[in-house]
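Residue numbers (the working numbering), protein chains in the order written: chain S, 14 to 331; chain D, 14 to 331.
Be careful, since some hints might not be right.
Remember, identical chains collapse to one label, so a pair may be satisfied in a single copy or spanning two.
Restricting the straight-line Cα-Cα distance to at most 27 Å, the calculated cross-link-like pairs of lysine-lysine (DSS-like) are [stated by the list, open to error]: (1) K170 x K120; (2) K303 x K110; (3) K110 x K305; (4) K147 x K170; (5) K24 x K121; (6) K303 x K108; (7) K121 x K229; (8) K66 x K229; (9) K170 x K305; (10) K307 x K170; (11) K50 x K24; (12) K170 x K303; (13) K305 x K108; (14) K248 x K66.
Everything labelled a hint here was simulated from the structure, so no lab data went into it.
There are 2 protein chains.
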Amino acid sequence: MIMETRGDLRKLVTGIDIGGTNTVIGFADAGGNCLYKTSLGTADYEDPAVFVKDVAGIIVDFFQKNDDTYLIGIGIGAPNGNFYNGSIEFAPNLKWKGVVPLVDLFKKYFNVPVTLTNDANAAAIGEMVYGNAKGMKHFIEFTLGTGVGSGIVVDGKMVYGHDGCAGELGHAIIFPGGRTCGCGRQGCLEAYCSAKGIVTTFLELLENEGRKPDGKITPYAISELASKGDHAAIKTFEFTGEVLGLAISNSVTYTSPEAIFIFGGIANAGELLLKPIRDSFEKNLLGVYKNKIKIMPSGIKENDAAILGAASLIWQNY
Amino acid sequence: MIMETRGDLRKLVTGIDIGGTNTVIGFADAGGNCLYKTSLGTADYEDPAVFVKDVAGIIVDFFQKNDDTYLIGIGIGAPNGNFYNGSIEFAPNLKWKGVVPLVDLFKKYFNVPVTLTNDANAAAIGEMVYGNAKGMKHFIEFTLGTGVGSGIVVDGKMVYGHDGCAGELGHAIIFPGGRTCGCGRQGCLEAYCSAKGIVTTFLELLENEGRKPDGKITPYAISELASKGDHAAIKTFEFTGEVLGLAISNSVTYTSPEAIFIFGGIANAGELLLKPIRDSFEKNLLGVYKNKIKIMPSGIKENDAAILGAASLIWQNY
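So here's chain S without its partners, still in its complex pose (with noise of 0.2 Å):
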């Protein structure tokens, strides 16, 4: 076997994190370092044969300069990628219409392991290969963002549901009629807990007091002005915990996790917004589930987060 013949080079997996904008490349070991990065404009490509071409060749020119290393396998996290078919499902924020069989397509380059998930479910799985998910069965990953996505782990497993679309809890419905969501239905997790959910509290808490915005609202720039004892922006974090809370201890009812884990930009705020998450977490819980589940900041290094998770895919079968 190939693999044995290479007993004294060192493993390594590509990792690809494909975005709406850009897609970011990068090649980690078991120990999750990330050796070397780079990336390129996913939105320049029309044609996603082309772009899986141009990411080879990335690829090659990595394992051919550094002649001390070996591929053993591409984990691939993008928006809709289903595990099952490999490919990229109707992703609204790509340029790829329809069905991508995007694994197809690395497959004709590479003789090893290539794998896709979306990029809620690779946290999910960095967070147990690589991050503060070590060695549990059961846990949900949150991640926050553009979107609010998740990944759920049972008996040490994801949980990809019949058709690969499992773990939509952004999608869960919070409030019966409340915010308009990006999906076009109304009171979903995404459309209060999300970047634009974040803003949108915000800038309504302004109104209220009679307010205007000042520069671009992003969550940082709401998490700054929470240090600096702003009452809106401190009340913009108190709610997006108290929602994100009751969602959390709504999901527990489902698979009763031994942790929750947060992950993305808007967890970076911290106690901010993790102290009114455990607030509402422990006023909103069933009393089976008391003082028993963790509710923890992600554990995988922030600036690689994406690339671990998408090499975790292989990583974890290794």
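Once you have looked at the hints, place chain D on chain S.
Showing chain D alone in chain S's frame:
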């Protein structure tokens, strides 16, 4: 092995359904036939050890009288039954307080597998073994009765969670700040869709119409009134179905199941309940799940459902 020398005998599982008032004991074969059924009063026993001794007597008696059969295992469905440790834990509707190690108590009498879980999980496993979920890998069973329970199956396995308490969807909060639930929290699914919740809805609607209740109000009585065209009764089932449809659409975002089953006496209302459930479900469903998921009544024989559910805990692994 004893089993091989017993090749000509008929294999039976003892299914035990423990309720707050009565316990039913039955003997079921692999085909879902319940040969004999008897019951005793759960509430008559202060000491669970005496209860188990008497149930064991019934079992021994049956197999002595039916010497062409033999016992291959005992499956038990019980409120707050924990699969992992075989105990009933802090069941509010039983006299036995604290943790009751029921499986261990039975093991003193029988050298066969003894398995315990809660009633809703037993119903879901029964659906896989005997009912409409044969061959399905991903589904959710909602049980409607005194409470609202649920059993979640992922990849063909019951989800028990970290501590054995998974699947409490009756206590997912549907309307934050809504009706007070028996659990002390507000807005749980159970507060709307249990027998008591349905009666509450009917009484509220009667009051809105300036009417007084007539006789004993039960979900069955309300369904009879609805079939005669009573406005408040029809509205009651419409509202109950609307809430259930919303809850089911949320549940789909977790495990993306192939089907949802509705089990229990209240489900006997048939299309009166199923039609508003389906309407609300489709209305509230995230686009990616549309036209993929069946909502069906349970396929387990009504009269023996609880016994067959309990017995299936053994048959599923046989």
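Here's how the hints hold up against the structure:
| no. | hint | verdict |
| --- | --- | --- |
| 1 | K170 x K120 | within (25 Å within a copy, 32 Å between copies) |
| 2 | K303 x K110 | between (45 Å within a copy, 19 Å between copies) |
| 3 | K110 x K305 | between (44 Å within a copy, 21 Å between copies) |
| 4 | K147 x K170 | both (13 Å within a copy, 23 Å between copies) |
| 5 | K24 x K121 | within (21 Å within a copy, 53 Å between copies) |
| 6 | K303 x K108 | between (45 Å within a copy, 23 Å between copies) |
| 7 | K121 x K229 | neither (44 Å within a copy, 71 Å between copies) |
| 8 | K66 x K229 | neither (38 Å within a copy, 73 Å between copies) |
| 9 | K170 x K305 | both (21 Å within a copy, 23 Å between copies) |
| 10 | K307 x K170 | both (19 Å within a copy, 25 Å between copies) |
| 11 | K50 x K24 | within (16 Å within a copy, 62 Å between copies) |
| 12 | K170 x K303 | both (24 Å within a copy, 25 Å between copies) |
| 13 | K305 x K108 | between (44 Å within a copy, 26 Å between copies) |
| 14 | K248 x K66 | neither (48 Å within a copy, 59 Å between copies) |
Comparing the model with each earlier hint shows violations of hints 7, 8, 14; every other hint is respected.
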